[in-house]
Amino acid sequence: MTVDQQPATEAPAAYLERYGQMLLIRLFETEMQRLFLKGEVHGTTHLCAGQEAVPVGVCSALEPDDYLAGTYRGHGHALAKGTDPDALLAEMLGRATGVCGGRAGSMNVIDVEHGLVGCFGIVGGSIAAATGAALSAKGQRRVAVAMFGDGATNQGYFHECLNFAKVLALPAVYVCENNFYGEFTPMLKVTAGGDIASRAAAYGIPARTVDGNDLWAVREAALEAVERARQGDGPTLLECQTYRHHGHSKADPAKYRPPEEVEQWLARDPLNVAKARFADLGISEQELSETEEAVKARMERAVQAALAAPYPDPAEDHPTEFAS
Amino acid sequence: MSDQLEFRVAIREAIIEEMERDDSVVFFGEDIAAEQGGVFAVTPGVQEKFDPTRVFDTPISELAITGAAFGAAVTGLRPIIEIMFGDFMGLSMDSLVNQSAKYWYLSNEQRSVPMVVRSAVGGGGRFGAIHSQTHATWFQGVPGLKIVFPSSPAEAKGLLKASIRDENPVIFLEHKRLYSVKGPAPAPDSVIPLGRANVARPGRDLTIVSVGKGVPDALGAAEQLAEQDGIEAEVIDLRTLRPLDLDTVLESVARTNRLLAVEEGPATGGWASGLLGRVAEQGLHDLDDTWLLTTGELPIPYSPTLEDAFIPDADAIASAVRERAGVVATR
Numbered sequence: 001m002t003v004d005q006q007p008a009t010e011a012p013a014a015y016l017e018r019y020g021q022m023l024l025i026r027l028f029e030t031e032m033q034r035l036f037l038k039g040e041v042h043g044t045t046h047l048c049a050g051q052e053a054v055p056v057g058v059c060s061a062l063e064p065d066d067y068l069a070g071t072y073r074g075h076g077h078a079l080a081k082g083t084d085p086d087a088l089l090a091e092m093l094g095r096a097t098g099v100c101g102g103r104a105g106s107m108n109v110i111d112v113e114h115g116l117v118g119c120f121g122i123v124g125g126s127i128a129a130a131t132g133a134a135l136s137a138k139g140q141r142r143v144a145v146a147m148f149g150d151g152a153t154n155q156g157y158f159h160e161c162l163n164f165a166k167v168l169a170l171p172a173v174y175v176c177e178n179n180f181y182g183e184f185t186p187m188l189k190v191t192a193g194g195d196i197a198s199r200a201a202a203y204g205i206p207a208r209t210v211d212g213n214d215l216w217a218v219r220e221a222a223l224e225a226v227e228r229a230r231q232g233d234g235p236t237l238l239e240c241q242t243y244r245h246h247g248h249s250k251a252d253p254a255k256y257r258p259p260e261e262v263e264q265w266l267a268r269d270p271l272n273v274a275k276a277r278f279a280d281l282g283i284s285e286q287e288l289s290e291t292e293e294a295v296k297a298r299m300e301r302a303v304q305a306a307l308a309a310p311y312p313d314p315a316e317d318h319p320t321e322f323a324s
Numbered sequence: 001m002s003d004q005l006e007f008r009v010a011i012r013e014a015i016i017e018e019m020e021r022d023d024s025v026v027f028f029g030e031d032i033a034a035e036q037g038g039v040f041a042v043t044p045g046v047q048e049k050f051d052p053t054r055v056f057d058t059p060i061s062e063l064a065i066t067g068a069a070f071g072a073a074v075t076g077l078r079p080i081i082e083i084m085f086g087d088f089m090g091l092s093m094d095s096l097v098n099q100s101a102k103y104w105y106l107s108n109e110q111r112s113v114p115m116v117v118r119s120a121v122g123g124g125g126r127f128g129a130i131h132s133q134t135h136a137t138w139f140q141g142v143p144g145l146k147i148v149f150p151s152s153p154a155e156a157k158g159l160l161k162a163s164i165r166d167e168n169p170v171i172f173l174e175h176k177r178l179y180s181v182k183g184p185a186p187a188p189d190s191v192i193p194l195g196r197a198n199v200a201r202p203g204r205d206l207t208i209v210s211v212g213k214g215v216p217d218a219l220g221a222a223e224q225l226a227e228q229d230g231i232e233a234e235v236i237d238l239r240t241l242r243p244l245d246l247d248t249v250l251e252s253v254a255r256t257n258r259l260l261a262v263e264e265g266p267a268t269g270g271w272a273s274g275l276l277g278r279v280a281e282q283g284l285h286d287l288d289d290t291w292l293l294t295t296g297e298l299p300i301p302y303s304p305t306l307e308d309a310f311i312p313d314a315d316a317i318a319s320a321v322r323e324r325a326g327v328v329a330t331r
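Residue numbers (the numbering used here), protein chains in the order written: chain A, 1 to 324; chain B, 1 to 331.
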């Protein structure tokens, strides 16, 4: 693909910014891995390294007040939607300055101010949350996006909500991050039909299969889907094919994946796929290097701030069971 | 009589009045907008009053209905949904227990979840084991949920209006055997605050606690006991099972010293056994006796003879009191 074929809706500087967002997510996950091994991240965590182009590409097509519902592999979803890296990392570390005050943790992040309806710890939950947000969005001229994995497409939520959204013509975009593994099990082994996108046909919903490691391809497909939703023409399903660089969770070394498969996908690292286009876009090595340095410095600041932040003090914590 | 209000009409009026009062209230579920207004004819005519984007029928998809209500509630709407039979709430559980109930807390109080989940519950309709359950106790141990179970038309209207105005997820139970009951209409704009029990009948000899249809049954038993046995039973309508108004029960027991809890459901894991535990913990010094009247530890049977014997009614309550507390009778 040449530059001419790419959606000419943004200046090269904007692409550099998107690349910076992907790099921020990558560095965030690298830090998560490191801090987990140091005992600073508690319980478990699910890393999205390798999948960065999907949330960044999708969110590049959204307005700030559009809604996004993410998953337990959701650090990239939150960062792409605008959650402050300091607040997100502090949440991962269980600190009082976390985006949810340390109450939520890695799997359950909520950031209402940035339109992140929530990240959902049970597979498929994001699909229903976004469908409901789309009910609100319809009257607000907004759009609601559900992010979910290939595993979620075998849940009742997927089938019920796609049907529900279609018959009510809801402004929803369903984005499947197909990373070809549901936890430890190959997607093809447990998914009838062999692909995700074609399931939309049963509901009369337009769908596209997208190279989920190509920021440009994701953005272009998302722009089309978001425009359809905003025009009142109903939901879209996007199957973004991608790959996670790590295992399912911290408990999983991912030894079930053939080494040659992993190698193939690592060769198509979304950061490198994006970078390969920069010369054509007229982005210089120096501009790239400046962006990378700025993102690294940003992440370093977030790490320092989170490690310095206090844990919530149970004696000072006065939660209420109910809102009044 | 014009001042008599039917239970199903009370529900309908509460929905209509709250939708007229607040444009963000929406109402959806299976068959609720259809001409008949649901399988129990509770909401006929509601859709005609409002824009079809505010009142609409859904697919038979409890996961989607409940999940969508949650998503809508955290983004600006105030949904009322109908899950036709309480038994179907098994399908709604993830959304209610894992999403709606925890959102206010997990979000560090960024946003609450103002939604109401209405269902028809209870036995006596010959609907069999899987259309007759009362799901309140499935949810009672979940912080963040409110559980409301009205006992009369006036109570239903006032409590539903309060539920719709509440900022939290509310599970609202409507007993099938109450839908056709008529009772005094409440004052216009009567709203009953959630979380406060009601002393439905004062009495000095014992306290009978129940909720939903158990309250009119207990009141019927109390009349029998007063007329035939000279026993004056106090009847407490809990109104909500979460939050639980323990103080009103303790205050009553401090005067009567005897407590009977009546539940249409099994004793093990029921709200009634939980209540007795709390009363024993905090008010043991006031208790001379306390016991339960519940169903057996079995599914609800279909055959009329079996079902009638299975579910406590006014006669069963009166008999239970005579048998257990006959010592106070002054017949």
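Simulated from the structure, these hints should not be mistaken for laboratory data.
All values derive from a computational prediction rather than experimental measurement.
Cβ atoms here follow ideal geometry from the backbone N, Cα and C, with glycine treated the same way.
Treat the hints with care, since some could be wrong.
What the hints assert, rightly or not - Computed from the model, here is a short list of chain B residues facing chain A with C-beta under 7 Å:
(1) A34
(2) F40
(3) A41
(4) A64
(5) F70
(6) V74
(7) G76
(8) D94
(9) N98
(10) N108
(11) P143
What the hints assert, rightly or not - Here are the in silico distance ranges between beta carbons for each label pair:
(12) B:G269 / A:A169: 37 to 45 Å
(13) B:P299 / A:R141: 47 to 55 Å
(14) B:D23 / A:H318: 28 to 36 Å
(15) A:R34 / B:A34: 54 to 62 Å
(16) B:L287 / A:T185: 54 to 62 Å
(17) A:T320 / B:G277: 18 to 26 Å
(18) B:T53 / A:L281: 18 to 26 Å
(19) A:L307 / B:L287: 34 to 42 Å
Evaluated hints:
With its C-beta approaching chain A no nearer than about 15 Å, A34 (chain B) sits outside the 7 Å limit, and its interface hint is violated. Annotation: F40 (chain B) was flagged as interfacial toward chain A, and the flag is violated, the nearest CB pair being 23 Å apart, outside 7 Å. The beta carbon of A41 (chain B) is not positioned within 7 Å of any beta carbon in chain A (closest approach about 24 Å), and the interface hint is therefore violated. Taking 7 Å as the C-beta contact cut-off toward chain A, the hint placing A64 (chain B) at the interface holds, the least distance being around 4 Å.
A hinted interface residue such as F70 (chain B) counts as satisfied when its beta carbon comes closer than 7 Å to some beta carbon of chain A; here the least separation is about 6 Å, so the hint holds. A distance limit of 7 Å between C-beta atoms decides the matter here; for V74 (chain B) the minimum to chain A is near 6 Å, and the interface restraint holds. Interface hint status for G76 (chain B): upheld, as the beta-carbon distance to the closest one in chain A is roughly 5 Å, under 7 Å. Annotation: interface hint on D94 (chain B) holds; nearest CB of chain A at approximately 6 Å, less than 7 Å.
With 7 Å as the threshold, the beta carbon of N98 (chain B) comes within range of chain A, its nearest partner Cβ sitting at about 6 Å, so the hint holds. With a least beta-carbon distance of about 4 Å to chain A, the hint placing N108 (chain B) at the interface is held under the 7 Å criterion. For P143 (chain B), the interface hint holds, the least distance from its beta-carbon to any beta-carbon of chain A being 5 Å, beneath 7 Å. The supplied range of 37 to 45 Å is met by G269 (chain B) and A169 (chain A), whose beta-carbon atoms lie about 43 Å from each other.
Between P299 (chain B) and R141 (chain A) the beta carbon distance is about 49 Å. The supplied range of 47 to 55 Å therefore holds. The given range of 28 to 36 Å is respected by D23 (chain B) and H318 (chain A), whose C-beta atoms sit roughly 34 Å from each other. Between R34 (chain A) and A34 (chain B) the CB atoms are about 58 Å apart, so this pair conforms to the stated range of 54 to 62 Å. Between L287 (chain B) and T185 (chain A) the beta carbons are some 56 Å apart, a value that agrees with the proposed interval 54 to 62 Å.
The hinted range of 18 to 26 Å is satisfied by T320 (chain A) and G277 (chain B), whose Cβ atoms lie roughly 25 Å apart. A beta carbon spacing of about 44 Å between T53 (chain B) and L281 (chain A) contradicts the range 18 to 26 Å that was offered as a hint. With their beta carbons about 54 Å apart, L307 (chain A) and L287 (chain B) fall outside the hinted range of 34 to 42 Å.
Going down the numbered hints, you'll see the structure goes against 1, 2, 3, 18 and 19, while the others check out.
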